[in-house]
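J.: As a plain string of letters, each chain reads:
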Amino acid sequence: MIHTAENDLGEVVVIADMEAGLEHLSWAGGTLRHVDMLLIVAEPYVKSLVTATRTCALAAQLSIPRVALVANRVNSDDNDIEAFAAAEDLEIIARIPEDGDVRRAERAGRCVLDHAPESAAIREIDKLGRELEARLRPLTGEDGLTRARAAPHA
Amino acid sequence: MIAANLARIMARRGHLVVAVDCDSDPNLALSAGVPPRVAERMRPFLDQSGGKMTFPRGVPAPELIRDYGFAGPDNVTLLLAAQVEHAGAG
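These protein sequence lines are chains A and B, in that order.
Just so we're aligned, residue 1 is where the first sequence starts under our numbering, counting upward by one.
Just so we're aligned, residue 1001 is where the second sequence starts under our numbering, counting upward by one.
Don't take each hint at face value.
Pairs of lysine to any residue, SDA-like flavour, derived with a Cα cap of 20 Å [said to hold, decoys possible]:
1) A:K127 to A:A87
2) A:K127 to A:E98
3) A:K127 to A:A116
4) A:K47 to A:A116
5) A:K47 to B:D1074
6) A:K127 to A:E88
7) A:K127 to B:D1074
8) A:K47 to A:R110
9) A:K47 to A:P65
10) A:K47 to A:N79
11) A:K47 to A:D78
12) A:K127 to B:D1023
13) A:K47 to A:K127
14) A:K47 to A:V12
15) A:K127 to A:V67
16) A:K47 to B:D1025
17) A:K47 to A:G109
18) A:K47 to B:D1023
19) A:K127 to B:D1025
20) A:K47 to B:R1012
21) A:K127 to A:N75
A few chain B residues that face chain A, going by a derived Cβ cut-off under 8 Å, partial list only [said to hold, decoys possible]:
22) M1001
23) A1007
24) A1032
25) A1071
26) N1075
Just so you know, the hints here were simulated from the structure itself, not pulled from any lab data.
Positions of the beta carbon are idealized from the N, C-alpha and C atoms, including for glycine.
Based on the sequences and whatever the hints tell you, model everything.
T.: As structure tokens, this is what we get:
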């Protein structure tokens, strides 16, 4: 998942939901590398952490300026993602808990925000949103746009 | 789930949000609360005609959004990058 302020759109938050593994960063000559931040969603399962490791390597190759981990479906006693984050020298920017409300929303085919707006998962995603806002604000501010226009992407 | 809900939360916080589903098995619109029958009307913006996925040449982002953007809940603009249309295509 990628979060970016797309310069030629003005102050727009662009969130790209990517496939695990980022194989398609090759699309259009790797256009998707032009992002402000990459959030790697990792779940405390071996397969997910293997994919996250690959994604970290790709992100490093692409010189994405900010990379952070979002731990998803974690229980309070899970520490596999902490160990992984430490090994990859990555910050865990959010911890979305394993949440029955998410499961129930998905079973009902509904958006979690509509189905369980007060759920623990939504509270944590809301916190993540505020955190991203604080970190990326300079990019969407007037100065950020001026700089971006002066040096547009190809 | 995270991208869809984050997009709507950012929109509620006053941002103009464009959410792009880049998964070859797309479900961002559904996760954001768009009913399946409505979501299936979305058209992918990547040109898949040559067997390879490419951006439509020379189309500025605002135009891409005007032509392919789909107004979702909380005014999030949803974009679909690609969709495997038949077996063997992807």
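J.: Please go over all the hints and tell whether each is borne out by the structure.
T.: Hints, one by one, checked against the model:
{"no.": "1", "hint": "A:K127 to A:A87", "result": "violated, 25 Å"}
{"no.": "2", "hint": "A:K127 to A:E98", "result": "holds, 16 Å"}
{"no.": "3", "hint": "A:K127 to A:A116", "result": "holds, 16 Å"}
{"no.": "4", "hint": "A:K47 to A:A116", "result": "violated, 28 Å"}
{"no.": "5", "hint": "A:K47 to B:D1074", "result": "violated, 34 Å"}
{"no.": "6", "hint": "A:K127 to A:E88", "result": "violated, 23 Å"}
{"no.": "7", "hint": "A:K127 to B:D1074", "result": "holds, 18 Å"}
{"no.": "8", "hint": "A:K47 to A:R110", "result": "violated, 27 Å"}
{"no.": "9", "hint": "A:K47 to A:P65", "result": "violated, 26 Å"}
{"no.": "10", "hint": "A:K47 to A:N79", "result": "holds, 15 Å"}
{"no.": "11", "hint": "A:K47 to A:D78", "result": "holds, 15 Å"}
{"no.": "12", "hint": "A:K127 to B:D1023", "result": "violated, 25 Å"}
{"no.": "13", "hint": "A:K47 to A:K127", "result": "violated, 27 Å"}
{"no.": "14", "hint": "A:K47 to A:V12", "result": "violated, 34 Å"}
{"no.": "15", "hint": "A:K127 to A:V67", "result": "holds, 17 Å"}
{"no.": "16", "hint": "A:K47 to B:D1025", "result": "holds, 19 Å"}
{"no.": "17", "hint": "A:K47 to A:G109", "result": "violated, 26 Å"}
{"no.": "18", "hint": "A:K47 to B:D1023", "result": "holds, 18 Å"}
{"no.": "19", "hint": "A:K127 to B:D1025", "result": "violated, 28 Å"}
{"no.": "20", "hint": "A:K47 to B:R1012", "result": "violated, 34 Å"}
{"no.": "21", "hint": "A:K127 to A:N75", "result": "holds, 18 Å"}
{"no.": "22", "hint": "M1001", "result": "holds, 6 Å"}
{"no.": "23", "hint": "A1007", "result": "holds, 5 Å"}
{"no.": "24", "hint": "A1032", "result": "holds, 6 Å"}
{"no.": "25", "hint": "A1071", "result": "violated, 14 Å"}
{"no.": "26", "hint": "N1075", "result": "violated, 12 Å"}
Comparing the model with each numbered hint stated earlier shows that hints 1, 4, 5, 6, 8, 9, 12, 13, 14, 17, 19, 20, 25 and 26 do not hold.
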